[in-house]
Amino acid sequence: MNTNINVPTMASLFSEGKQPEVLFWVGCAGSFDDRAKKITKAFVKILNKANVSFAVLGTEESCTGDPAKRSGNEFLFQMQAVTNIEVLNAYEVKKVVTACPHCFNTLKNEYPSLGGTYEVVHHTQFLKQLLEEGRITMEGGKFKGKRITFHDPCYLGRANDVYEAPRDLIRKLDAELVEMKSCKTRGLCCGAGGAQMFKEPEKGNKDINIERTEQALETKPDIIAAGCPFCNTMMTDGVKNKEKEASVAVMDIAELIASADDL
Amino acid sequence: MQYIPQIIFTLILIAGVGYFASNVKKLFRNIKLGKAIDVSDNKPQRWMNMAKIALGQTKMVVRPIAGFLHIIVYVGFIIINIEVLEIVIDGIFGTHRIGLSVLNESVYGFLIGSFEILAVLVLIAVFAFWIRRNIIKIKRFLSSEMTGWPKNDGNIILYFEVVLMCLFLFMNATDTSFQNLDSGNVVSQFIAPFFDGMSENSLHMMERTAWWLHIVGILVFLNYLYFSKHLHILLAFPNTYYGKLRPKGQFLNNEAVTKEVKLMMDPSADPFAAPAEDAPVPEKFGASDVTDLNWVQLLNAYTCTECGRCTSECPANLTGKKLSPRKIMMDTRDRLVEVGKNIDANKGTFVPDGKQLLGDYITNEELWACTSCNACVEACPVSIDPLSIIMDMRQYLVMEQSAAPSDLNNMMGNIENNGAPWPFNQQDRLNWANES
Numbered sequence: 001m002n003t004n005i006n007v008p009t010m011a012s013l014f015s016e017g018k019q020p021e022v023l024f025w026v027g028c029a030g031s032f033d034d035r036a037k038k039i040t041k042a043f044v045k046i047l048n049k050a051n052v053s054f055a056v057l058g059t060e061e062s063c064t065g066d067p068a069k070r071s072g073n074e075f076l077f078q079m080q081a082v083t084n085i086e087v088l089n090a091y092e093v094k095k096v097v098t099a100c101p102h103c104f105n106t107l108k109n110e111y112p113s114l115g116g117t118y119e120v121v122h123h124t125q126f127l128k129q130l131l132e133e134g135r136i137t138m139e140g141g142k143f144k145g146k147r148i149t150f151h152d153p154c155y156l157g158r159a160n161d162v163y164e165a166p167r168d169l170i171r172k173l174d175a176e177l178v179e180m181k182s183c184k185t186r187g188l189c190c191g192a193g194g195a196q197m198f199k200e201p202e203k204g205n206k207d208i209n210i211e212r213t214e215q216a217l218e219t220k221p222d223i224i225a226a227g228c229p230f231c232n233t234m235m236t237d238g239v240k241n242k243e244k245e246a247s248v249a250v251m252d253i254a255e256l257i258a259s260a261d262d263l
Numbered sequence: 001m002q003y004i005p006q007i008i009f010t011l012i013l014i015a016g017v018g019y020f021a022s023n024v025k026k027l028f029r030n031i032k033l034g035k036a037i038d039v040s041d042n043k044p045q046r047w048m049n050m051a052k053i054a055l056g057q058t059k060m061v062v063r064p065i066a067g068f069l070h071i072i073v074y075v076g077f078i079i080i081n082i083e084v085l086e087i088v089i090d091g092i093f094g095t096h097r098i099g100l101s102v103l104n105e106s107v108y109g110f111l112i113g114s115f116e117i118l119a120v121l122v123l124i125a126v127f128a129f130w131i132r133r134n135i136i137k138i139k140r141f142l143s144s145e146m147t148g149w150p151k152n153d154g155n156i157i158l159y160f161e162v163v164l165m166c167l168f169l170f171m172n173a174t175d176t177s178f179q180n181l182d183s184g185n186v187v188s189q190f191i192a193p194f195f196d197g198m199s200e201n202s203l204h205m206m207e208r209t210a211w212w213l214h215i216v217g218i219l220v221f222l223n224y225l226y227f228s229k230h231l232h233i234l235l236a237f238p239n240t241y242y243g244k245l246r247p248k249g250q251f252l253n254n255e256a257v258t259k260e261v262k263l264m265m266d267p268s269a270d271p272f273a274a275p276a277e278d279a280p281v282p283e284k285f286g287a288s289d290v291t292d293l294n295w296v297q298l299l300n301a302y303t304c305t306e307c308g309r310c311t312s313e314c315p316a317n318l319t320g321k322k323l324s325p326r327k328i329m330m331d332t333r334d335r336l337v338e339v340g341k342n343i344d345a346n347k348g349t350f351v352p353d354g355k356q357l358l359g360d361y362i363t364n365e366e367l368w369a370c371t372s373c374n375a376c377v378e379a380c381p382v383s384i385d386p387l388s389i390i391m392d393m394r395q396y397l398v399m400e401q402s403a404a405p406s407d408l409n410n411m412m413g414n415i416e417n418n419g420a421p422w423p424f425n426q427q428d429r430l431n432w433a434n435e436s
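Protein sequence lines correspond, in order, to chains A and B.
Quick note on the UniProt record's numbering: the first sequence kicks off at 1 and runs consecutively.
Quick note on the UniProt record's numbering: the second sequence kicks off at 1 and runs consecutively.
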């Protein structure tokens, strides 16, 4: 496995007078969470292989403010937003790609009225575009015939009507895409959104991620595919709770593609 | 003497419509208690949404059984009301079946025949609805917020519709001149034989009674709307027009906060500036009562017909948490009605009653259970947005009361201090690139 990845920063490119094609917004989970870091690296490997000119903000990146806003702390959200916008605008960023639907939604929808307008795409949309432009090729061999179910992240699906890009990519892997009973517009949340990731759930009779994992397991999948680091955590925990981790993997779309290509 | 029925009819009509109009005025006043919000954008899209979602019922059929039954009642209701036009004209001018003197007999027969068939279909659909509400244990009709008045309200509406449809058919069946036409009596011809052998006079009396009860029933039903969840038959139209056009994930940025933040970031702002003496008291952040919400959110509350599709899709509710988006809407409406009554009782001004939406109706526990997943917004067949109310109330809890759960306070502290929801140093943000 190739472990060398090339991750240029905006600061280094800027000092060379270069402007990348796209800024990769890594996000807090992608930067710090051990599981999500693997997704980040898988995505970078694909970008490297496709020779995409990209850069990250690195230490200049900060939380978009999504969990603060959804918790009700509008002030903290807007402080985060305007500081990030100052950095993004200073680097004259035009296009942003991110593997986190929460960052995606906030950057795309909530930054413009605060002075930050960019073309923002989710990494599944970006990968699909690379594929259509022939910049990456996908070998399906490894996943041929495998049953893969896709869990729609709320902030990608319902929030922004992106349902097909991740599914198109799964189909390209020659995998058998199986849908859960609640999918697409009626997809059930993993339980992490609205800042729930960072707190204990209220009293109830079940955890939301268990409910969702049960729906996923009903499809008898080999792999539960996700497009969000938080969904990934919730579904992984759910699969562990059901003691299915030996037979069912939870993987991000970027990991599927990188692994199909032995990256 | 011969004008007496006409005079009585006109008076009843004026009273019925007049009382309804005065209540509609109150409804408008209550909705306008909400804050201003600019919804003047993108009119073509708004008309399109109204045509598709309210008129075209596109969201209803997502659930095919209830959707199909609803379309029958909805179409039946609208079309049969054409008949009311004839009744009103007949009532005011003392004519009988004015339609016959305006329209060709076969056209008239076709119209009334269609109404009769629809009336039967409505009866069947209403029966199915009643079974769904009272016999089959459909979970969304059994939630804790659906006991008492909301449950009775749902049934009363169904009984109203049964009575009105039966009166319409009965009225046609006992109308000998109409039966003799033998055109349009598709259904009533099978009811008419039950009255064979009755004198012309008693048949006429029965026909008149049914006719009067029918129109009075319609006026009573019209006035019942204001006190009922059934207002959706009118408000679904403006509500879908004013519904959210932005991507569902886009929450509005609070402009008052933007001003504060801009001021903080402005190096030329005077850090010691004191507000002018006559400066208004700053508005509170977020919402603790209905008057802190915007008027579209209040319109949402009046439009809700308590179908519970939102609640049945809510991940928090599905897993046994207290949150129910339907209850959020019902609470908002009930509190708004209470505020409205307070204003009525106090000559047009609201006298503080020591109550508010937060705490007295909606608890913190409900608000903190939301995952902001938009399932409720997606599920609503009339474009109601319960999520926006939850978010506004969370904003009040955090920004005015610092009442966030402690875990969330830690998370926010981390963002403030090190730019991530976890306690990691911002300088370590790129470490992943060098880890194997």
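Where hints are given, some of them may not hold.
[Claimed, not checked] Label-pair restraints from in silico Cβ distances: (1) A:Lys240 - B:Val61: 46 to 52 Å; (2) A:Glu132 - B:Ala274: 37 to 43 Å; (3) A:Gln129 - B:Trp149: 40 to 46 Å; (4) A:Arg171 - B:Gly56: 45 to 51 Å; (5) B:Lys43 - A:Gly115: 57 to 63 Å; (6) B:Leu252 - A:Thr137: 41 to 47 Å; (7) A:Glu214 - B:Gly56: 32 to 38 Å; (8) A:Asn6 - B:Ser406: 26 to 32 Å; (9) A:Glu92 - B:Met265: 18 to 24 Å; (10) A:Gln129 - B:Leu252: 51 to 57 Å.
No lab work stands behind these hints: they were computed from the structure.
Small disclaimer: the values here were computed from a predicted structure and weren't measured.
A virtual CB, placed ideally from N, CA and C, is assigned to each residue, including glycine.
Broken hints, by number: As far as the earlier hints go, 1, 2, 3, 4, 5, 8 and 10 are violated by this structure, in ascending order.
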